[in-house]
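Colleague: For reference, the chains in residue letters:
There are 4 protein chains.
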Amino acid sequence: MTQETLDRIRKFTEDRDWDQFHTPANLAKSISIEANELLECFQWSDDEYDLEHVKEELADVLVYCRNMLDRLELDEDEIVNRKMDQNERKYPVEKAKGKNEKWDRLD
Amino acid sequence: MTQETLDRIRKFTEDRDWDQFHTPANLAKSISIEANELLECFQWSDDEYDLEHVKEELADVLVYCRNMLDRLELDEDEIVNRKMDQNERKYPVEKAKGKNEKWDRLD
Amino acid sequence: MTQETLDRIRKFTEDRDWDQFHTPANLAKSISIEANELLECFQWSDDEYDLEHVKEELADVLVYCRNMLDRLELDEDEIVNRKMDQNERKYPVEKAKGKNEKWDRLD
Amino acid sequence: MTQETLDRIRKFTEDRDWDQFHTPANLAKSISIEANELLECFQWSDDEYDLEHVKEELADVLVYCRNMLDRLELDEDEIVNRKMDQNERKYPVEKAKGKNEKWDRLD
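Protein chains in written order, with the working numbering: chain B, 1 to 107; chain E, 1 to 107; chain G, 1 to 107; chain R, 1 to 107.
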């Protein structure tokens, strides 16, 4: 995300005095709610979906994720890289290649 | 997200041959599932939460969002800015300031 | 659900003094969290799923729904029938038969 | 749920020829989607909520749960009681009383 987009999201919240509602718990609820509006695009079919609607709902998830990063003063790259460290350990290529099992079910 | 982090996420998927599982519908499910693992950090209390756990689950949401952007060949800034255009129209400052009502309930 | 099962669920909560945690908001989070553990059974495949796992997660959803009915002193049949009144109006057979569109997209 | 309510739910689906859409995976998505419409009632406040709206969304969750029980030919009391067996083992009264920790964190 560019700095300009980040600034726009932050200004949107500040201008409306919405920081008061953006507790971590409320943002976690919001991310789940928007994730399910995204899921609704695929409720009855995996293949036929309205791409414009998907874009809007995915954007909503991303905006609330950004709000949470901001609220908790987290660095996106830092938390993602730390999680990727874990993922790479949990899913070694030789075991996980081409398989969709959860790490604790990989032999 | 830096290019380096993006590349790491993509390489992780490619190395494991997991693109086959990353259909838009499966990624939508995955985003919701991870969003709810994040929500679980706040299941019984809004204020007491394990920040390290929050970071991990938020990172999972972000990684699956990135997978979906990649799969659908979407530009994060573009879809977010288009949604922010909508949000700014739906929630004019003078109506929405300090209120948490949904746009269709703002008088 | 039989009265015996209902009583067992209530006694479980009472014995542990968990009513204090069962606010409507916490139960709503809990229903969503368990619904997503159920969804996880279908994360990467619609057709291959572990039925025993599905049963457990569906049971968890049902138990939290029951907790919420109890907490809000709601009658399951009453709220379901009232919703079915709405559903029958929104989805008249002649319009909705064989279609998976949302009611506001049915011509 | 009374037999009459059950029959009404089943007839609703049959009349619309919707069994074809009610795969276990689609119903799992639907339960999560409705659970999040319920959660939305509590998005910004735990205490101020629209009870009529809560009833409608909880009813939607219950109807889709019933659809899934039907689709998989499951007995609600059986799966709930089997899960309660597990819950009672995982959360012994003497350890869990008054605590909201997950079973694997109870000392």
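Hints are computed from structural coordinates only; laboratory data are not their basis. Since we're looking at a predicted model, the values are computed, not measured. Some hints here could point you the wrong way.
Identical chains share a label here; the pair holds if one copy fits it or two copies do between them.
List time: in silico PhoX-like cross-link candidates among lysine-lysine, alpha-carbon distance up to 25 Å [to be verified]:
| hint | residue 1 | residue 2 |
| --- | --- | --- |
| 1 | 11 | 90 |
| 2 | 95 | 11 |
| 3 | 97 | 83 |
| 4 | 102 | 90 |
| 5 | 83 | 102 |
| 6 | 95 | 83 |
| 7 | 99 | 83 |
Colleague: For residue 11 vs residue 90, is the C-alpha pair at or below 25 Å within one copy, between two copies, both, or neither?
Modeller: between (39 Å within a copy, 15 Å between copies)
Colleague: Is it within, between, both or neither when you check residue 95 against residue 83 at 25 Å Cα-Cα?
Modeller: Classified as within: same-chain Cα gap 19 Å, cross-chain 32 Å, threshold 25 Å.
Colleague: Under a CA distance limit of 25 Å, which applies to residue 99 and residue 83: within one copy, between copies, both, or neither?
Modeller: Within. Shortest intra-copy distance 20 Å satisfies the 25 Å Cα cut-off; inter-copy 29 Å does not.
Colleague: How do residue 83 and residue 102 come out at 25 Å by Cα distance, when the copy is not named: within, between, both, or neither?
Modeller: both (16 Å within a copy, 22 Å between copies)
Colleague: Between the shortest in-copy and the shortest cross-copy C-alpha distance, which are at most 25 Å for residue 102 and residue 90: within, between, both, or neither?
Modeller: The answer is both: 9 Å in one copy and 23 Å across copies each meet 25 Å.
Colleague: 25 Å Cα cut-off: does residue 97 pair with residue 83 within a copy, between copies, both or neither?
Modeller: within (19 Å within a copy, 34 Å between copies)
Colleague: Measure nothing new, just compare the shortest in-copy and cross-copy C-alpha distances for residue 95 and residue 11 to 25 Å and report within, between, both or neither.
Modeller: between (46 Å within a copy, 16 Å between copies)
Of the numbered hints given earlier, the model fails none.
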